[in-house]
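There are 2 protein chains.
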Amino acid sequence: MENFRFYAPTYFCFGHNAEENIGELVKRFGGSKVLIHYGGGSIKRNGVYDRVIQSLTAENIPYVELGGVKPNPRSGLVYEGIALCRREQVDFILAVGGGSAIDSAKAIAAGVPYSGDFWDYYSKGIPVNEALPVATVLTIAAAGSEGSPDTVITHEEGMYKRGATGEALRPKFSILNPDATLTLDAFQTACGITDIMAHVCERYFTNTRDVEVTDRLCEAVLKTMIEESPKVIANLTDYQARANIMWAGMVAHNNIVGVGRAQDWNSHRIEHELSARYDVAHGAGLAVIMPAWMRHVMHHDITRFAQFAVRVWGCDMNFANPEITAREGIQRFRAFLTSIGMPATFAQLDAKAEDIATLTEHLFSAESEPLPGFMPLYKKDVEAIYTLAL
Amino acid sequence: MENFRFYAPTYFCFGHNAEENIGELVKRFGGSKVLIHYGGGSIKRNGVYDRVIQSLTAENIPYVELGGVKPNPRSGLVYEGIALCRREQVDFILAVGGGSAIDSAKAIAAGVPYSGDFWDYYSKGIPVNEALPVATVLTIAAAGSEGSPDTVITHEEGMYKRGATGEALRPKFSILNPDATLTLDAFQTACGITDIMAHVCERYFTNTRDVEVTDRLCEAVLKTMIEESPKVIANLTDYQARANIMWAGMVAHNNIVGVGRAQDWNSHRIEHELSARYDVAHGAGLAVIMPAWMRHVMHHDITRFAQFAVRVWGCDMNFANPEITAREGIQRFRAFLTSIGMPATFAQLDAKAEDIATLTEHLFSAESEPLPGFMPLYKKDVEAIYTLAL
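Chains as they are written, first to last, in our numbering: chain A, 216 to 605; chain S, 216 to 605.
For the record, the hints were derived by calculation from the structure and aren't laboratory data.
Small disclaimer: the values here were computed from a predicted structure and weren't measured.
Any given hint might turn out to be false.
The list treats identical chains as one, so a pair stands whether inside a single copy or across any two.
Said to hold, decoys possible - For lysine to any residue, the following SDA-like pairs were computed, each having C-alpha atoms within a straight-line distance of at most 20 Å:
#1 K387 <-> G245
#2 K387 <-> Y226
#3 K285 <-> I555
#4 K285 <-> F402
#5 K242 <-> R519
#6 K242 <-> R220
#7 K446 <-> D425
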């Protein structure tokens with residue numbers, strides 16, 4: 216186990232009617248004027264917006280609004296939000312929505328007190344140590360951004376999708392009411408499930424030894440997802456399954472399952488090129504890329520993939536030939552993703568084989584070769600992974 | 216799953232040389248004069264004390280000291296600590312030690328700004344919302360007090376061992392360096408292991424349905440303990456096993472494995488009478504009480520005990536007769552505790568059968584009947600559990 220620090224001071228309010236606490240929590244964490252940041256009209260249709268306004272109004276907290284966040288959130292709206300916050304002297308940002316609204320809110324929060332271009336944090340990897348306080352009202356279990364210090368934004372000049380991170384971006388509080396997720400359709404739900412499982416897998420496949428506690432916690436979250444996901448896909452209004460998945464989504468990404476070990480975020484990096492180029496849903500892109508990544512890197516550590524197969528997917532260990540077990544685990548993961556309605560191939564994403572060289576070049580135009588991780592990836596590896604995903 | 220709140224804003228610094236950060240962290244969390252609170256001489260022998268002083272001195276932070284905390288920490292030293300802090304205008308309390316030093320530090324922290332008797336928090340169940348900031352330097356994996364808002368103190372008038380809790384008691388930071396635990400002997404280590412497993416079990420046995428995510432997280436911590444404990448008992452200086460257990464001990468008790476579910480703390484309550492009366496080590500008392508509690512309450516929900524047996528202890532499910540599986544799980548737990556050197560009977564604790572009525576009376580003199588929990592316990596149940604533990 217490696218040395219680590221863990222600091223996750225987000226206040227979570229979970230369950231029915233959790234939104235009632237928003238006004239009180241904004242005050243507790245020092246907000247006096249709020250930017251409500253969200254996407255489209257879904258929060259107005261499902262009542263979440265009204266409950267947010269009601270709670271702020273009850274505490275006499277003034278607010279301004281900025282809607283219009285799109286999936287794979289863009290830099291343009293971030294610049295707009297930064298200007299709005301400065302003009303209106305906003306001192307607290309409340310994201311209402313999923314990972315996109317939250318990530319966009321974090322970018323605005325970082326940009327307001329920063330004298331340079333907010334994109335510096337994303338392009339140069341500078342940690343964000345100063346930002347306006349951010350809080351979230353979560354409406355889809357997926358990104359884990361409600362409990363993480365991370366944000367991913369796509370810059371419209373060049374369509375680079377890049378991440379930033381920093382202690383100042385960890386939300387002050389997050390409202391997790393599974394009722395807010397009952398109106399999501401099956402595809403959105405399955406994309407979220409895939410993203411959650413990817414967040415665990417990208418921590419699970421590590422070269423660090425002696426990390427039994429985090430291995431077991433990773434496996435716990437994955438097994439929860441395997442148990443609860445079919446329930447919610449079969450019945451989209453199953454509150455209890457939604458609740459388990461919603462909390463698992465936070466646990467998957469606040470790093471309690473990832474401390475003390477080297478992690479591997481290459482599936483996310485490789486997928487980001489797909490969502491930036493074709494604007495595919497992030498989860499759908501991951502469903503195509505992750506099993507391909509696994510098949511490509513498996514030989515780097517067959518034992519770890521066999522452990523994944525046995526402990527997570529319940530495969531019998533083939534002691535004579537562990538590779539068979541390893542392959543069976545990946546196959547079951549892929550079949551699981553298909554069973555919840557996720558795509559398995561480039562074609563299902565409307566992505567094109569002839570773009571593989573361009574996707575790879577675009578990725579490495581902003582990343583050094585090789586990509587670090589479980590197995591370092593060179594251009595030829597990334598091309599091979601895209602090819603396995605065809 | 217039930218509605219819940221989760222707020223665990225402790226900053227953890229984990230690994231080799233983690234003590235180097237103490238001075239900087241005291242300043243970050245607002246301390247300007249520190250009380251160092253500890254037990255006996257072990258921290259002076261193993262170098263931890265010197266590293267604490269070095270880090271405080273490097274940041275020019277003045278301090279006073281109060282040693283002498285005993286296992287099952289007593290009210291007398293708490294009163295002394297409160298007076299000392301007031302006299303010396305201490306504004307930050309640093310516990311160096313295990314659960315006893317930390318719990319005593321939390322009691323002092325609660326008492327300093329409180330105009331009444333600090334014991335009110337313990338005897339009346341008032342939540343502690345105001346306290347001096349507390350931080351910890353952990354030297355044994357056991358109590359989980361380094362990440363929890365809880366404290367347990369024994370009052371010398373009447374030898375009542377009671378708990379208090381409150382958001383203000385959650386440590387600001389905790390230093391977890393597994394090197395500090397390498398000098399513990401096998402018995403102390405095994406007592407800590409037992410306490411950690413008890414913290415998980417008392418969350419695991421619940422009547423709340425649809426808590427797959429926390430069930431799985433509980434099982435993950437227990438399986439970690441089953442894997443790592445024999446390693447450390449066989450080799451007390453196994454850093455990696457110590458590290459896994461140390462982090463598991465925090466995870467077991469900061470409530471990430473317990474949110475959204477009713478919990479059952481009756482094994483702790485029943486054990487507290489033993490440690491208060493005979494001054495036995497808390498973990499040793501739990502090793503005797505927990506399996507007895509399990510045997511007594513098993514019939515309340517055989518399915519849950521069968522799940523415990525299959526998922527945690529790797530038992531084969533007896534589908535024709537799940538009770539056999541349930542019993543096998545408890546039996547394996549008991550055998551595990553014996554294998555790491557824990558006692559299994561009253562006699563091994565020098566506790567006496569003829570005291571059972573007195574122990575039970577003493578417990579209920581401060582608790583209402585029945586004790587709430589997984590299965591409500593009446594006096595006759597508590598007597599039966601003590602009797603099963605003979």
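These are the hints, each one checked on the structure:
1. K387 <-> G245: Classified as both; 10 Å inside a copy, 19 Å across copies.
2. K387 <-> Y226: both (6 Å within a copy, 15 Å between copies)
3. K285 <-> I555: Neither: 24 Å inside a chain and 56 Å across chains, both beyond 20 Å.
4. K285 <-> F402: Result: close within a single copy only, 17 Å intra versus 58 Å inter.
5. K242 <-> R519: neither (47 Å within a copy, 42 Å between copies)
6. K242 <-> R220: between (28 Å within a copy, 17 Å between copies)
7. K446 <-> D425: So K446 and D425 pass the 20 Å test across copies only (12 Å; inside, 34 Å).
Going through the hint list in order, the structure does not satisfy hints 3 and 5.
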